[in-house]
Amino acid sequence: MVTPFGYFLTHLWLVPLFPLTSASLMLLIGRLLPKGAVSFLCVGSVFLSFVHAAGAVFELLAAPPAHRVFQSILFEWVTAGVMPTFGGATSFAADWGYLLDPLSSIMVLVVTGVGFLIHVYSIGYMGREGGYYRFFGYLNLFMFSMLTLVLANNLLLLFVGWEGVGLCSYLLIGFYFLKKSASDAGKKAFIVNRVGDTGFLLGIFFIATTFGTIRFTSQGLGDPRGFPGIFEVLAAMVKQGRLAFGAPVLTTIALLLFVGATGKSAQLPLYVWLPDAMEGPTPVSALIHAATMVTAGVYMVARMNAIYQLSPAAMDVVAVVGALTAVFAATMALAQTDIKKVLAYSTISQLGYMFLALGVGAFAAGIFHLMTHAFFKALLFLGAGSVIHALSGEQDLRKMGGLWNAIPATSRPFLVATLAIAGMPPLAGFFSKDEILGRTIARSAMLDRYLALWIIGVFTAGLTAFYMFRLLNLTFFGLSRIPHEVEHHIHESPKSMTIPLAILALLSIVGGWVALPALWGAESPFEKFLEPVLSGVIPETGAIQFAHHPLIIEFLLMAVSVAVAGFGIWLAYRLYLKFPHLHSKVAASWPRLHKLLNNKYYVDELYDAIFVNRIKDLSTAFALFDTRVIDGLGVDGSASLTRILSQISMWGDKWVVDGMVNFVGKFTQLLSHPVRMFQTGLFSSYAMWILIGLAILLGYYSRHMEVLVRHLR
Amino acid sequence: MMSPAHYLFLSLALFLIGSIGVITRRNVIVVLMSIELILNAVNINLVAFSRIFGDVSGQVFALFIIADAAAEAAVGLGIIIAFFRNRETVLADEMDLLKW
Amino acid sequence: MLASIVFYFFAGMAVASAALMVTRRNAVHSAVLLVTTLLATAGIFLQLRAEFIFIAQIILYVGGIMVLFIFVIMLVRFDVALQHIRFRLQRWVALFVALALGVEITIVLLFARRLPGQGLLIEEPASADKLPPNTEELARSLFSSYLLPFEIVSVLLLVAMVGAVVMAKKRINDQ
Amino acid sequence: MLFASGKVDFFPVHPPMTPTLQAILTFLQNWWVEITCGVVIVAVVPLIAGYVVLVERKLMADMQARLGPMRVGPHGLLQPIADAVKLLLKEDIIPDNADKLIFWLAPVISMVAAMTSMGAIAFGPTFQVARDINVGILFVIGVSSLGLLGIILGGWASNSHYSIIGAIRSTAQLVSYETAAGFAIVSALLLAGTLKIRAIVEAQQQSGVWFIFLAPIAFFIYLVASIAETNRAPFDLPEAESELVAGYMTEYSGFRWSLYFLGEYANMIVVGSVATTLFLGGWLRPFPNVHWLDWLDIVPPLMIAAAGVYCVYRAGKQPAPVQTWFMWAVALACFAVAAIFAVPLFVAPLKFVVPGLHGAFWFLLKVSGYIYVFMWLRFTLPRYRFDQLMHLGWYILIPLAIVNVLAVGVAMILEAEFGWNHWLAAAVTSLVTLGIAAFLVNLHDKRTAAASSPAASVTDPYAG
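Residue numbers (this note's numbering), protein chains in the order written: chain A, 1 to 713; chain B, 1001 to 1100; chain C, 2001 to 2175; chain D, 3001 to 3464.
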């Protein structure tokens, strides 16, 4: 058994610790620090954790593929009772431990790397904002939570990170808490996430009761009986036939977890918070709402793949929800006029892609798309942020245009990212998206649900290309629609913002090449790397099979999707560049549809009508009950009753009780009158009394004086 | 060195005079002084007997008593000054706050 | 003989000035007379070979406490010649009680004198030149067997000092 | 040694003699040295005081480029006598509704206190009244502090605002500064290890170094505090002419005034002698243990003779023949004294008087040096304000003195336990103390800067 080892692995716990340290510094004494120190501390800490994470991953790679698992338990966090597991009863323990295996290593690299770049970017972007230290403190807190999430070795710790990122997202969306819309958006995000988290938590409970443990795996910890992991327990139960393929309990668990995932990664029907989340500062949108946090759901589902693979129903649900979300969001993105809103919807639809991949069982593809998407979506958001920065706060697409040469350092990377997300070869998006589509079609027999999913996917690809290029054209090309007072001081962003853009552009070009061999049918090293984690527990017979089409068909499929994307691009070119007024005509020709899209299918209004307002009515009803019944009848009534009673008792008190007391007092006064004569209040008279007492005592004792005198000798 | 009776009588005389002063004087400052007188009477006894027994402890206690007298004088005079500030008097028979 | 001369001189001075002190009207005169009493007492201490107590008496009482008294008498400008005894009855009672006490104690002492073992005189005190140097002796027993009381007294003095300062301090508001 | 033992059988006792006379004779026989010393002190101190005044005036004149008293006698040498006569002949006024008894008593108290306290001082190995009193130095301090009573009573008795304000000021001042002085003395007594005056001096002789070098800060504190205790400039607030006419002695005149005045100068001599005894090695000549320096014994006669020679030199320049003769007389007197000092050095059978004589000379020399410093400061420094005075006393001197006591103790421990050289120990501890002092001063400055009207001591209401 060759376990990976080395400095970075043994000090894996440092990776989340660095951001936590600087976050606590910021939130405690950050107010006192100068901006330079703040940026140095925060960015430096994230950089440190990036270095440690990279080092740990390299040391992990040093081990042979089968043993690429490192798990270390810092301390037993919660130890609660005894749970039945496959090996009889073992004590249930949620430990504070970190797990590094291929899956989490990819996540941790993405989180720390992209996070570091975005931190650097934020230095420039937030440079002139108030609450600088607060922003960076929250950002680092988020990094800590996210790293805890991806490095957690059990569901409870993962849930801690899960809630932590939720909290940070809430704080950061409401960063401009003076803006009502911002704080509302924060609250909305929080509440919607709660809905999902409820499901997630229930899922965790189910897992705990079913498997008796919530640790993911016992690999790297030695004896699986001492440290039972879900994976092992599941395997054992399946072997013993106590869990059948597609058992209802597994489906339930999977669906509940997926509810949590939909909440966190903005899938139907819980996606509504993400567009509003764009109220936060742009780096936040890039980091949290595009690159890292929203992918937590994807990560979680991929992490629990063993369970999903055993319940096809759940898989189908995941896939269908993913696909629907993808196309739905894409259509909504068509008509948006706010640059960040467009990007938000595109994020939702890309996440839909990921879930589609997970649903069809191509977990590796999903993670792959997660990674590439992290690159180019972060780039897009940062670019958008740079544009907004350049236009001094303008976010409306209708007030942009012709910026291509005005801010070259922003526009070139933006183009790259757009091509990438549109899936143009050989950029990153192309590989990951085609991986997903290819897997989808590969699952399909001749004519069944997978084919439909594939068609939806391809259609979505076209839509994606269209709205992204619409965005690009409206922003950078064509005639400038920028108001003059803004146009005067259009300025390129500082180096600290443009350099991350360049790096991310490079990444979103080359990021996909790890899957290059897949082109000629070989297995992509990325997939091979993730193999040990993502291959389920059941023997190959029941495992998810991907039919191997010949290369021709593969290329054909690629060509199709690329063609569709190209058509989208062409359409965008036609509508928005060639004939700039055509799109308004188009919009006018289908007013209903345009209105529908523009208002996001009225989903928010729907939710308001169904849930929010009903809840408000309920609470008003309760308030009414409170005032009328409880206050009015209960309190006031009893109060008046009391007053009547006390009237009666007062009379008795006055004439009976006080009467006796006064009588006693008077009597005592009468008796004590002679004694009072002694108390003159003059200390000299007291002294006199003392002297008299002394004289009397001496007079009494002088009879026995000889005894005293004898004692003197 | 006289016989201890001498010293005893001397201290008795001082003690009685002091106590009379404490009782009869009006001016609180003088009352305090009379108290000092009483303490002195005690000191005489202590020192005399320490001389008789050839043991120094009596002087130690005389020393302690002097220290206490100093403390008592300081605090008492402080009280008198504060009182004078508030009531414009130092007369014993106008200090009747003990009976309120 | 010399001893008796010294004793009677000092004792007479002490008693006389003490009596005067109690009866004088003027507070300052009383203070001066008390100083005389104290000095006479110091002389008696000296005769008793208690040099250190003697000098402590002079420094502390006469140099310190009495100065403080006179000082306060001057601060408290209350030197109107007040008819110094108001409660006459109390005065007579006091005199009577004091007399009674004196008589009692005198009886006791004389009675003790008639006891076997020549009265109170327990044994013949060590002659003056045999005595150990008083100051060193005092210091030794003060710092060896009476260390704790000593410390307590020092704490007491500290407390008294703080208390006196606090009480006599002028509040800021009553100017 | 004859003088020291003091048992001379002047009166051979014959059998037929009344016991009273017997007692008296034995009494005299036992106590004659003390008695003579006392008489000498009482007789000579007024004269010395007068001449100290003359010296002071001359010095002041010199420092102010004047001549000073020149009329009465050559160079005003007879001025003190004239002043004394004037004071004695002056009418003696007692103001109305002054408290007669106390008005009469107060100056007496202050002078008697000063004189009595001089009784315990050892002007040389033999010349001392209270020989074997084993609290000698305390006796000096305590009794001299009784003079305060005289001042305050006088101020009160003369029933005038100037007087009482001066009296209260001087009381506050003395009470404040006696504390510091006491601590300074304590730190010297630590080094000496005894209260007996002669033992203190002998301790300095044994350790071979004056305590001023082992406890310099203590000496400094004592210098300042003693200036304040004798109410001299720059601390002469009780008799600040510009504010209160003459302070507590405003109403005094003539003889009583001269008593006060005498008490004051006697006090100066007392504090000077205490300082000399404690810090300046008492009657020891410089380097008492270094025998190849014994030729220093010849210095006293030489100095006196030099004075005589100067008188001779000035004698020629006198305007009137009377004054010339007087100068000659003074010169002869000087020579005679010089001879008295010189002869025992060389005549073996008389050698036993050498320590007494020379000791007295060195002692007085040191005391006069100390007093010279007083005068020097007086002519140099302006007067303090009262709150400044109180702050100097309470915020700086007393803490510094306390710290210094500790420091001296530490130094002694270093010397005894760790075998340090006592110079080194003294230097280190003094430096530490100075550091603390600097810190205190800094603190105090901050305080005074912070509080516009700094809280003075308890005696604020009557401060000037």
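Since the hints were made in silico from the structure, they are not lab data.
Ideal Cβ placement from N, Cα and C applies to all residues, glycine included.
Among the clues, some could well be false.
As the list claims (entries may be wrong) - To give a feel for the contact side, a few chain C residues facing chain D, derived at Cβ under 10 Å:
id, residue
1, 2023
2, 2026
3, 2031
4, 2039
5, 2051
6, 2052
7, 2055
8, 2062
9, 2067
10, 2068
11, 2071
12, 2135
13, 2136
14, 2147
Unchecked claim - Only part of the chain B face toward chain A is listed, based on derived beta-carbon distances under 8 Å:
id, residue
15, 1019
16, 1022
17, 1092
Numbers of unmet hints, in rising order = Numbers 1, 14 - these are the hints that the structure violates, sorted from lowest upward.
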